[in-house]
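Engineer: Take a look at the letters that make up each chain.
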Amino acid sequence: MNKQISPLSPAKHRDIYIRSNDNFLQASEDQLIPLVVQEVVDAATEFPVLFVKNSSTGEFTLVAMLGLKAQQNLYCSDESEQQYDANYAPLVLRNYPFYLQQSAEQQFAVCIDELSPLVNHDEGQKLFNDNDEQTDFLKNKAESLIKFVEQQHITKGFIQLLLEHDLLHPQKLTIRLNDNDPLTIDGIYMVDQQRLENLDDKVYATLRKNGALQIIHAHLMSMKQVNRLTRRLLKSANK
Amino acid sequence: MVRQVKSNTRVIKQVVVLGGGTAGWLSACHLAKKLLPNHPDGIRVMLVDSPDIPTVGVGEGTVPAIRESLQYLGISETDLLQTCDATFKQSIQFINWQPPMADGKMHSYHHVFDYPAPGFQQDLPYWALGHAGDSSFADSFSIQSSLCDAQLAPKLITQPEYQGTCNYAYHFDAGKFGKLLCDHGVNKLGVEHRQAKISLIETDEQGNISALVTDKNERISGDFFVDCSGSQSILLGKTLQVPFVSKKHMLFTDTALAVQVPYSKPTDEIPSCTLATAQTAGWIWDIGLTSRRGVGLVYSSAHLSDSEAELQLAEYLKGTNGQRVQVEPRKIPMRTGYHQEFWKNNCVAIGLSQGFVEPLEATGLLLFDISARMLAENFPSHQELMPLAANKFNKKVRLAWDKVLDFIKLHYCISQREDSDFWQDHRQSSSMSEQLAEDLARWQWQLPNQYDFTERAAIFNLENYLYVLYGMNFKTDLSQSAYRFEQVNVAKTNFQRYADMAAQAKQQLPGHRDLLDRIQRFGLQRI
Numbered sequence: 002m003n004k005q006i007s008p009l010s011p012a013k014h015r016d017i018y019i020r021s022n023d024n025f026l027q028a029s030e031d032q033l034i035p036l037v038v039q040e041v042v043d044a045a046t047e048f049p050v051l052f053v054k055n056s057s058t059g060e061f062t063l064v065a066m067l068g069l070k071a072q073q074n075l076y077c078s079d080e081s082e083q084q085y086d087a088n089y090a091p092l093v094l095r096n097y098p099f100y101l102q103q104s105a106e107q108q109f110a111v112c113i114d115e116l117s118p119l120v121n122h123d124e125g126q127k128l129f130n131d132n133d134e135q136t137d138f139l140k141n142k143a144e145s146l147i148k149f150v151e152q153q154h155i156t157k158g159f160i161q162l163l164l165e166h167d168l169l170h171p172q173k174l175t176i177r178l179n180d181n182d183p184l185t186i187d188g189i190y191m192v193d194q195q196r197l198e199n200l201d202d203k204v205y206a207t208l209r210k211n212g213a214l215q216i217i218h219a220h221l222m223s224m225k226q227v228n229r230l231t232r233r234l235l236k237s238a239n240k
Numbered sequence: 079m080v081r082q083v084k085s086n087t088r089v090i091k092q093v094v095v096l097g098g099g100t101a102g103w104l105s106a107c108h109l110a111k112k113l114l115p116n117h118p119d120g121i122r123v124m125l126v127d128s129p130d131i132p133t134v135g136v137g138e139g140t141v142p143a144i145r146e147s148l149q150y151l152g153i154s155e156t157d158l159l160q161t162c163d164a165t166f167k168q169s170i171q172f173i174n175w176q177p178p179m180a181d182g183k184m185h186s187y188h189h190v191f192d193y194p195a196p197g198f199q200q201d202l203p204y205w206a207l208g209h210a211g212d213s214s215f216a217d218s219f220s221i222q223s224s225l226c227d228a229q230l231a232p233k234l235i236t237q238p239e240y241q242g243t244c245n246y247a248y249h250f251d252a253g254k255f256g257k258l259l260c261d262h263g264v265n266k267l268g269v270e271h272r273q274a275k276i277s278l279i280e281t282d283e284q285g286n287i288s289a290l291v292t293d294k295n296e297r298i299s300g301d302f303f304v305d306c307s308g309s310q311s312i313l314l315g316k317t318l319q320v321p322f323v324s325k326k327h328m329l330f331t332d333t334a335l336a337v338q339v340p341y342s343k344p345t346d347e348i349p350s351c352t353l354a355t356a357q358t359a360g361w362i363w364d365i366g367l368t369s370r371r372g373v374g375l376v377y378s379s380a381h382l383s384d385s386e387a388e389l390q391l392a393e394y395l396k397g398t399n400g401q402r403v404q405v406e407p408r409k410i411p412m413r414t415g416y417h418q419e420f421w422k423n424n425c426v427a428i429g430l431s432q433g434f435v436e437p438l439e440a441t442g443l444l445l446f447d448i449s450a451r452m453l454a455e456n457f458p459s460h461q462e463l464m465p466l467a468a469n470k471f472n473k474k475v476r477l478a479w480d481k482v483l484d485f486i487k488l489h490y491c492i493s494q495r496e497d498s499d500f501w502q503d504h505r506q507s508s509s510m511s512e513q514l515a516e517d518l519a520r521w522q523w524q525l526p527n528q529y530d531f532t533e534r535a536a537i538f539n540l541e542n543y544l545y546v547l548y549g550m551n552f553k554t555d556l557s558q559s560a561y562r563f564e565q566v567n568v569a570k571t572n573f574q575r576y577a578d579m580a581a582q583a584k585q586q587l588p589g590h591r592d593l594l595d596r597i598q599r600f601g602l603q604r605i
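From first to last, the protein sequence lines stand for chains A and B. So for the first sequence, my numbering puts the first residue at 2; every next one is plus one. So for the second sequence, my numbering puts the first residue at 79; every next one is plus one.
You may find that some hints are simply not true.
So the derived list for chain B, only partly shown, Cβ under 10 Å to chain A, looks like this [claimed, not checked]:
no.	residue
1	P238
2	V566
3	V568
4	G589
5	Q603
Label-pair ranges, simulated between beta-carbon atoms [as the list claims (entries may be wrong)]:
no.	chain 1	residue 1	chain 2	residue 2	range
6	B	S559	A	P183	56 to 64 Å
7	B	K294	A	Q194	31 to 39 Å
8	A	R196	B	W523	56 to 64 Å
9	A	L200	B	K257	45 to 53 Å
10	B	D578	A	L200	54 to 62 Å
11	B	Q586	A	P183	48 to 56 Å
12	A	T185	B	R505	34 to 42 Å
13	B	S559	A	N199	37 to 45 Å
Keep in mind the hints are simulated off the structure, nothing from the lab. Remember, it's a predicted structure, so these values are computed and weren't measured experimentally. By construction, the Cβ of each residue, glycine as well, lies at the ideal position given by its N, Cα and C atoms.
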């Protein structure tokens, strides 16, 4: 999907409206959606939550898996006119079409994807009022974007902690769909339960106190949600 | 009868390494990794070097075995790549080792690091009989030479440390690499580092070295000494008087002129292979680091004067768009050969103190590494075991040297170059080992096979010989046995498969400099 991301200004964006995002079509070709640690427990009630490597930096990222192969998204599909139906919608999806970008002077600026279908001239929320002041809608959006950057920072620290204690390991997922050849998903990483159990008591206590342990358990249990994705795939295939 | 060694004889508690170059630190790290100086019962490992003595610091190329060693020592690949100006090396490209081809193009081939897939020998006769058409040996049996020509990296940033799509080694700044080994040895492995100027070597009546005496008259005593003092060979050569065996009659080069060359702009692509371009009386190495190129001419002073050599190097630099930094290239004398023994009494030499061979196949560091690890893994627990350990070590290391010398010689003696005495002298059978001369005679009518490479200590195997022999257009005539090879289509399918795999890999692998830049910023993951 083409994007054109520009910093918001009253002069340029005084007249536009933002339609509410009912099915997150912007992500219809994204199999993996980045998460922050603060939303892992909620996301784990619906999706497998796991770790992958960023293909251009090699760094680990925390993600929710919404499809069973590359470019497949079983939730944000435009095949159905239906509304998004899941227990939880990741923050990245909800923040759209807004972004926070850091300028050369290290200042954060709220930006918008001007090509987003949510941007229009008559339906939804306005960004600036007649006096060129930010509307409450925009103020809320800006606030949650700033909070999101902080949450991403904490998420990086969490991943660093897992790497420091050598807790991540590569895992291959094999999924059986009907009688077809099994589907294999490569390149995903999980917390190694054996290594977790063998952790030094002191380290274990630290993980418990700083909340990392809860996230780890949510991630581990969420792997069962692969079954949910499989069912969803079969259901959409049978339609 | 089994010879009995008493267990109550004197144990070895203190090892002293003399010399702080790459060989010294590599030896100290290998010894400490095995002997555990930090353990209450461990053996102490001390490295003594003089801050005044500069290291040679030229050897910048490696072979893939270095990866296994670094990983074994616990050094992170990210640290190596971020601190040593390191780049990836996937092959050595030999240019002009044969006369120009019929169409006037320069002759060039790659000795790549990927070995052909298991079972490749079934297809080999078909290649030799011409069923792969114009496809070179390297292109018919591996994907790597086309990746080198496209200046691609051997791996993706998502692949863990020390793993890649293709087999690879590194080019790096030898001085910075020494510093990395020093930090690791001292901080992680428990090596003691002592800086002192040594003015006297103390020996006992049995001819063992008992102590190094500093210029301040302090004694540094030890039970065992490792001589990493470079070509001076202070302990093995000077003190213990082990004679040097010259191999100049095999390999004539005896001088190197080395320069450092900046890139013209910071975005210049970096080749992911060493370039080795033949000259009238030697060859020029050209190695790209992240920060600069290292270029040097290795030549035979009997065949080329110093001023002619300078001119050749200047011509090469001009032709490859490089301006040298130093006004004068650094002149380095080289003495090809090795000491008669590498381990005598309680002293082992590792590094240039053992011997020297021109860096054509980047064997310098490899031989340091192999001998250091062999020493560490066979380290005698008692003084009385020392002669037995020495005997085995000397045999193995001498074999490794002889095999390296033969392999280097191969590059010269199968060349058809006629433009100087240097090349013609290399084809004299008196300049070859008997083994090599015999092998070459047979290989004109029979393909080299695994029976020719049964020695396990051989560093260069069947595959390496095939890359060089057939890269050099060596002719093996199979016409007499052609009737045995009827599976032409199977072989052709396999040759095509390599071409397809190469095309696919070219789509996936990043540019060499691009990957190095990203590793500088993000590092590589351990898993």
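Engineer: Now look at each hint and say whether the structure bears it out.
Structural biologist: Verification of the hints:
At its closest, the beta carbon of P238 (chain B) sits 8 Å from a beta carbon of chain A; the interface hint therefore holds under the 10 Å criterion. Using the Cβ-Cβ criterion of 10 Å, the hint placing V566 (chain B) at the interface with chain A is not satisfied: the shortest such distance is roughly 33 Å. Look at V568 (chain B): its Cβ only gets to about 27 Å from chain A, farther than 10 Å, so that hint breaks. Because the beta carbon of G589 (chain B) sits about 13 Å from the nearest beta carbon in chain A, more than 10 Å, this interface hint is broken.
Checking Q603 (chain B) against chain A by beta carbon gives a least distance of about 6 Å; that is within 10 Å, so the hint holds. Between S559 (chain B) and P183 (chain A) the CB atoms are about 46 Å apart, so this pair departs from the stated range of 56 to 64 Å. Checked against the hint of 31 to 39 Å, the C-beta distance between K294 (chain B) and Q194 (chain A) comes to roughly 58 Å, which is inconsistent with it. Look at R196 (chain A) against W523 (chain B): about 58 Å separates their beta carbons, and that is inside 56 to 64 Å.
Checked against the hint of 45 to 53 Å, the pair L200 (chain A) and K257 (chain B) fails, with Cβ atoms roughly 34 Å apart. Taking the beta carbon of each, D578 (chain B) and L200 (chain A) are about 46 Å apart, not inside 54 to 62 Å as hinted. With their beta carbons about 24 Å apart, Q586 (chain B) and P183 (chain A) fall outside the hinted range of 48 to 56 Å. For T185 (chain A) and R505 (chain B), the Cβ-Cβ distance of about 55 Å falls outside the hinted range of 34 to 42 Å, so the restraint is violated.
The hinted range of 37 to 45 Å is not satisfied by S559 (chain B) and N199 (chain A), whose Cβ atoms lie roughly 60 Å apart.
Hint compliance for this structure: hints 2, 3, 4, 6, 7, 9, 10, 11, 12 and 13 are broken, all remaining hints hold.
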